[in-house]
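Novice: Chain residues, written in single-letter form:
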Amino acid sequence: MDRRTVLSVLGAAVASLLVAVPAGEAQKPIKVGFPMIMSGPGALFGEPAAKGAQMFVDEANAAGGVLGRKLELVVRDTKGNADEAVRVSRELILRENVDFLVGTLTSAEGPAVSVVAKENKIVFIAPIPKTDQLTAPDKLHPYVFRVASTTTIEGRTAAELMSKWNVKRIATISPDYAYGQDVTKAFVDYVKKLKPGVEIVDQQWPKLGEADYTPFINAQMVKKPEAVFSSLWGGHFVTFAKQARPLGYFDAIKHNFFGAGEAASPETAKAMKDDYPFGIWGNSYDAFYWTEGPPAHREYVRRVSAYLKDEHPSSWAIQGYIGMQALTAAIKKANSTDSDKVARALLGLTIDTPHGKLTIREKDHQANRAQIYGKTVKDPKLGFAVMRPAVYIDPAKFMD
Amino acid sequence: MPDPSFLFAQALSGLTVAMFLFLIASGLSLIFGVLRVLNFAHGSFYMLGAYLAWQFVQWVGTGPGRFWWAAAGAAAGIAVLGGLVERLLLRHLYGKDELYQLLFTYALVLILSDVAKVAWGTGQLSVSRPPGLDGAVRLAGTVVPYYNLFILLLGPAIAVAFWVVLYRTRAGRLIRAAALDREMLGALGTDVNRLYTGVFVLGSFLAGLGGALVTPVKTIVPGMDVEIIVEAFIVVVIGGLGSFWGTFLGALVYGQVLSFGILVIPRFSIFSVFALMAVVLILRPWGLLGRPLR
Amino acid sequence: MSRLRRVPWGGLALAAALAVPAFGSRFYTFVATDVVILALFAVSLNLLLGYTGLVSFGHAAYFAIGAYTCGILMKKAAVPFALAWPAGGLLAAALALVFGFFCVRLTKIYFAMLTLAFAQIVWAICFKWNDVTGGEQGMPEVPYPELAWMARLPGLGDLRTSDHFYLLTVVLVGLCLGILRRIVGSPFGRILTTIRENPERAEFIGVDVRRYELVAFVIAGGFAGLAGALFGIFNRGVFPDFAYWPKSSEALIMTLLGGMGHFWGPAVGALVLLVLNQQITAYTEYWPFVLGTILIVLLFAFPGGIVGALDAAARRLGRRR
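Chains as they are written, first to last, in this note's numbering: chain S, 89 to 488; chain C, 14 to 307; chain Y, 117 to 437.
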């Protein structure tokens, strides 16, 4: 026998594996594909988002399902790669036969999966990617929708907040990739518009995942900025802050620091405890301690704490939750699971989220989703930083 | 002409980068130099060392001196893990193609990253600086945190300690001999197997220690194993195979290139380490202090 | 046994591949296209690994260059596929020539590390050159080639575009594999094997080892580029991850899994790895753990890979008869 025989025998064996693929279903649930980052540095956002979505699904099914059918969430790990996100999305469509897609996290994954959704004519709701590219006029199509905020909204909100500070010399530090570049540009353009006397004295661009920020911190401090805009997020922000604080960075700018990229999120604050540079400003998608929020929010926090078994639940679960909320509201309104009908139902749809009313506007399929902003201070009871006061800033005027 | 105290501060920043990297690369270089194994899992050991340190800190608290116990415990734990891996698995691959050893360590990376995920989840964890080294000192117009100073001194201390062990002790002589000619050493009666295990354990100890000591200045997140390993590899290769001082020098050079590179080309950071490696290997194929391998 | 050898297994495999669209399943076509393209990628790597003994950690760089070249030409310059595809392969081969020139001066680990460095530089350029490559977000929506003419061929009229593209891929990849088979069977290929077994001896008998290694490097890079160009279209988008080192390691694993010592080994490896990946990720999020375990079992128990193991088993069976 020779190796070609071997190849064919093997081929037959594996082909039989493939045949096992198409599954027969007795009762047909509504399947929603959820490509999300479940491993690597982004997992700290992706995993809670998936859990938030699952919580919504469990609640909906307990209440009788949608259009009499159960919802089923099919989660797949995108590993933070646009390439992998495309692959798993196509597998979800072709193999799992999902009816809709909700997911993706990074600014590369979102637009990539959007193309897949367009070619397969499946509704795709993005709960986290902030890149403007997702809903830009040349990339927009009937099936893509976003319930996340955008880099434009985030940058401009920060610019408006910072324009009220008594500072003229501003610096920026952001990771050198799409998200960091876009949000910083949105910030710089808008702050110059609001306050023409402002001077951008320094811009640092550490690579994404930089291990050591000391050279960048140092180079920035020499330029003597009075305020800093940063979009370092998650673990990157924690590393940066831990290295910057002993160098006197935050003291030098009198804590006139704005940490976009959710630097004031409860998980970041909790992880850092007393190492947190209390007094800086930041934002977060959600904050369980947000006492100024609507009653629906307090209700949500109670449920999500129980679901996640955490008295300080993650601030990212809400995005998965809202994504599923939008989808099911549209399904109900369209009274169908046909993507074309659901896509039409999503246009102009208003839903009641734990943060209040959210509307997906027809112009660019973008929801008026903002974040909670505030100056941080140490909460004596919780033992870590909280935003106080925590304000949900309406994004309407920042959206073109 | 830029301010001299700024130049000094930037050079110091570069040194900080260098010493943190050397902490991790030293163990890699040792294993590389003696066992000729490019241990991908070194980054995983480093990450597990960090997680273990965090875990121990949760258990013993943050009182005076506790951090050092936690760090030592973490390093010891990783040393044990390294020993087990070497004795039970890696040893059987020595005779085979280098590629097999490499892919084995890569397989370890995959496995250990999921182990960490199961044990500690996907969130970010952080450890504070030990109370004794919390402040900072003013030096020539710039602020130097005590902890950074500690690492700046620890790096060369480890390098010197290694030099002493390798060149002034019997064990060191055996290690050097094993690096040069394993078979001959075995023929002369030394238990080379035990020696190899010992070296791997020591290298793993250094990885775990590096991970533990880095926790006060970095976040512990999934993916930190992969983020660090490529940079550590490159520093070892730039320095030269088998040369411990080469690794030290490589780290120093890299730190300064990054530090001053970003002043010249602000968005240079992503290229820095690869460009440096390419330049070094093109001009001096065996690294800065290496010897030809053929 | 000689009767079995005379059966055209390669032709049968080709026929089987061509028959996939007949199943009418979009999923089967999807998987099959993926496998066929990555098989070419892995086989091109094996030219270096299995035949010349060169361990390259940066093979994905050429895959990416082919993908970006073809994608950019087709999307931004509306160049037809018939020109864009070979252009992808040519540019990849050209860069392999440049990088390879420096790499072959080194040996073993240094060679591997320099290939990695170049690959990471390619990645960094793709990641940052926003205007040309789309930066970190890549180029989603690479157009399909003009395939309307396929609908006019007998029997292919009512197949989908993805099926048409799949069949085109099978033909093109089959062609490439055929050429590669010829190369490894030729005197040139035999010299490569000599180099792998003992570079000093090859040098001694007058072979210019570096020149041969460089040629092998360029050929391997060129075919990787051709595979990448196809993949960019199949994937509906080109992204910097194509050049990132895990992609290179994926090719290495496929080659090892299938078997470095056989021409078809990496192709088998591609098939098995992809199918396994799909099946297992449907049940657990811990696919890396599973893959790592499989790798370790392979390294210890089946170093010849799947084809190697089956070959050895078959030979043992043959001898007993």
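Hints should not be assumed to be uniformly reliable.
[Unchecked claim] The following label-pair restraints were derived from C-beta to C-beta distances: (1) Y:Thr-309 / C:Gly-134: 31 to 39 Å; (2) Y:Gly-126 / C:Asp-110: 23 to 31 Å; (3) C:Ala-89 / S:Pro-468: 31 to 39 Å; (4) S:Ser-393 / Y:Pro-196: 57 to 65 Å; (5) C:Phe-21 / Y:Val-248: 35 to 43 Å; (6) S:Ser-393 / Y:Ala-428: 55 to 63 Å; (7) S:Lys-429 / Y:Thr-397: 28 to 36 Å; (8) C:Trp-72 / S:Ala-151: 41 to 49 Å.
Keep in mind the hints are simulated off the structure, nothing from the lab. The structure presented is a predicted model; accordingly, all values stated were derived computationally and were not measured. Where a beta carbon is used, it is the ideal one built from N, C-alpha and C, also for glycine.
Novice: Does each hint hold? Answer for all of them.
Specialist: Cross-check of the supplied hints:
1. Y:Thr-309 / C:Gly-134: 31 to 39 Å: At 49 Å between Cβs, range violated.
2. Y:Gly-126 / C:Asp-110: 23 to 31 Å: Since Y:Gly-126 and C:Asp-110 have Cβ atoms about 28 Å apart, the given range 23 to 31 Å holds.
3. C:Ala-89 / S:Pro-468: 31 to 39 Å: Given about 37 Å between the Cβ atoms, the range holds.
4. S:Ser-393 / Y:Pro-196: 57 to 65 Å: Once the Cβ atoms are compared, 59 Å apart, the range 57 to 65 Å for Y:Pro-196 and S:Ser-393 holds.
5. C:Phe-21 / Y:Val-248: 35 to 43 Å: Cβ of C:Phe-21 to Cβ of Y:Val-248: about 39 Å, so the range 35 to 43 Å holds.
6. S:Ser-393 / Y:Ala-428: 55 to 63 Å: holds (58 Å)
7. S:Lys-429 / Y:Thr-397: 28 to 36 Å: Check passed, 31 Å falls within 28 to 36 Å.
8. C:Trp-72 / S:Ala-151: 41 to 49 Å: holds (43 Å)
Hint violations for this structure: number 1 only, all remaining hints satisfied.
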